[in-house]
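A.B. asks: Top to bottom, those sequences are chains A and B.
So the first sequence is numbered by UniProt numbering: it starts at 1 and just counts up by one.
So the second sequence is numbered by UniProt numbering: it starts at 1 and just counts up by one.
Do not take every clue at face value.
[Claimed, not checked] Per the computed footprint, the stretches of chain A lying under chain B, defined by three or more beta-carbons under 8 angstroms from a beta-carbon of chain B, are:
#, stretch
1, 66 to 72
2, 90 to 100
3, 115 to 123
4, 229 to 239
[To be verified] One-sided and incomplete, this derived list gives chain A residues near chain B with beta-carbon spacing under 8 angstroms:
#, residue
5, T103
6, Y105
7, F107
Simulated from the structure, these hints should not be mistaken for lab results.
This one's a predicted model, so the numbers in the text were calculated from it and none came from an experiment.
For each residue, glycine too, the CB sits at the ideal point set by N, CA and C.
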Amino acid sequence: MLPRETPDRAAASIAGRATAALETRQLSRKSGDRILVHDVSVAVTAGEILAVVGPSGAGKSSFLRLLNRLDEPTSGTVLLKSTDYRSIAPQDLRRRVGMVMQTAYLFPGTVADNIAFGPRQRGEAPAPDRIAALLERVGLPGFSDRHVSNLSGGEAQRVALARTLANEPDALLLDEPTSALDEASVRGIEELILGIVGERRMTCVIVTHNRTQAMRLAGRTMVMEAGRLAAIGPTREVLHAG
Amino acid sequence: MLAELQGSIGNDVLVGLMQAAAAIALCAVVVALCAWQTVHVEREAAISMLRGLVQMILVGVVLAVLLHGSLLIGSVILFMMTIAAAVTASRRLKGMNGALLMCFWSIVAGAGTIIAVMLATRSLQPEISILVPVGSMIIANAMNACAQAIERFRAEIVAHTGHIEAALSLGAEPAVTVAPYLQSAVYASLLPRLDMMKSLGLVWIPGVMAGMVVSGASPVYAGIYQFIIVAMILAASGITSLVATALMRSRAFSPAAQLLLRPADPATSGRPTA
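Chain A extracted, bound-state conformation (with noise of 0.2 angstroms):
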């Protein structure tokens, strides 16, 4: 027998996640006629990595651009520590829900300039040291005036997670963080997420196509098929069961 939940069933593990810092409430969004993503309900915790797996088009990317507002919901909401995140104002809800896209889509200047791109945007400029720490932490010491033109692919997508990092997030979304990379790089920016999110108990979710890597980041899984959630549920069971 397959271990999947039903969404009712993942509605009723919920309920019973009282310290969600990440929850998702009958989450739909419709394009003209086309179904995205529909009657989604997920909660995570701080700590916690979900990774959501499924086929090209079954609305992981939607789901995921759903949880920082980058897209408008069609029905249903995201709870953030309990808040209804349409009473945050988007610019707020973007700092506490750092994205980390599968481009690294750095921005034209100093690896220091894009890293102090999202505290200046509150009016903070980030002191020289702080930004030398988070460089470091992302296995990058003494990028800080290097151009963003002069890095290699696993480099601008450490930098990418860095400039997130910078915004001191409660939850990271990670957009097939590594799918453009070597084998080498993919280990690496793995070994820095599951780092990263340990120590700082942040919330995570990560789409990904490679079931593997869903296997070596994530305690829980989703898989979404035709924008529904299709089964919820420990990554070994969910996969192996799949």
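We have chain A already, so just place chain B on it with the hints.
C.D. replies: Positioned in the frame of chain A, the structure of chain B alone reads:
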């Protein structure tokens, strides 16, 4: 008035039409050369030339009437020109709701403000025979600036969707995320006008100055007045571009700071285009 109209239609017109036919023939050769190089502009060139010729003949007839018309008629004509300019500029934004109104208000802000300032400072005489030609020059340049600014701004936004959303995801305000693209769009729209100003008198002597000199005005004053006209064209274009890009920026994002202006493929992106 009728005599004036009849006076403008004579042998001169026949000669003019023959010269226009020669000009069209030369353009046709260029179009054929383009086609030989697989650049196909035959249909567009034919329509443009036909429209241009008919429009200019009509303008000539209208101007013949205008020389004796009232200032109110001149104002109505400038208003109609502004609407036509807005329709033309808004064609660059096919599929965007409210594009026509956006272009209209941008051109009104740019051309309208500058024409009003020129009238108030008496650098533009409130005579219909001067107001309409000078006003139309300003409106036409405002239209071009509007079209160039919005087209460039949209292209920049669509090309940098990832960077814009990365900045939004870091808590940036929408205006901050598109600031570099807005600056480049306004600059690009002003470049032809800046080049026009730089080359004034060196590469070309504009029509207003030539006309004033021919009609007996002091060449020095004619030169200064031409500079004023070109400077006002630059100012009108600048205001128009700034207003157009600001209006477009406000339409590019939702109230929840979500980017709406995206590459047009909702089926794959899952997000609507603006």
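A.B. asks: Determine for every hint whether it applies to the structure shown.
C.D. replies: Comparing the hints with the structure gives:
1. 66 to 72: With 5 residues closer than 8 angstroms to chain B, the stretch 66 to 72 of chain A meets the three-residue bar; holds.
2. 90 to 100: Answer holds; 7 residues pass the 8 angstroms Cβ test.
3. 115 to 123: holds (count 4)
4. 229 to 239: violated (count 0)
5. T103: holds (6 angstroms)
6. Y105: holds (4 angstroms)
7. F107: For A/F107, the interface hint holds, since the closest Cβ of chain B sits about 7 angstroms away, which is under 8 angstroms.
The structure shown violates just one earlier hint, number 4.
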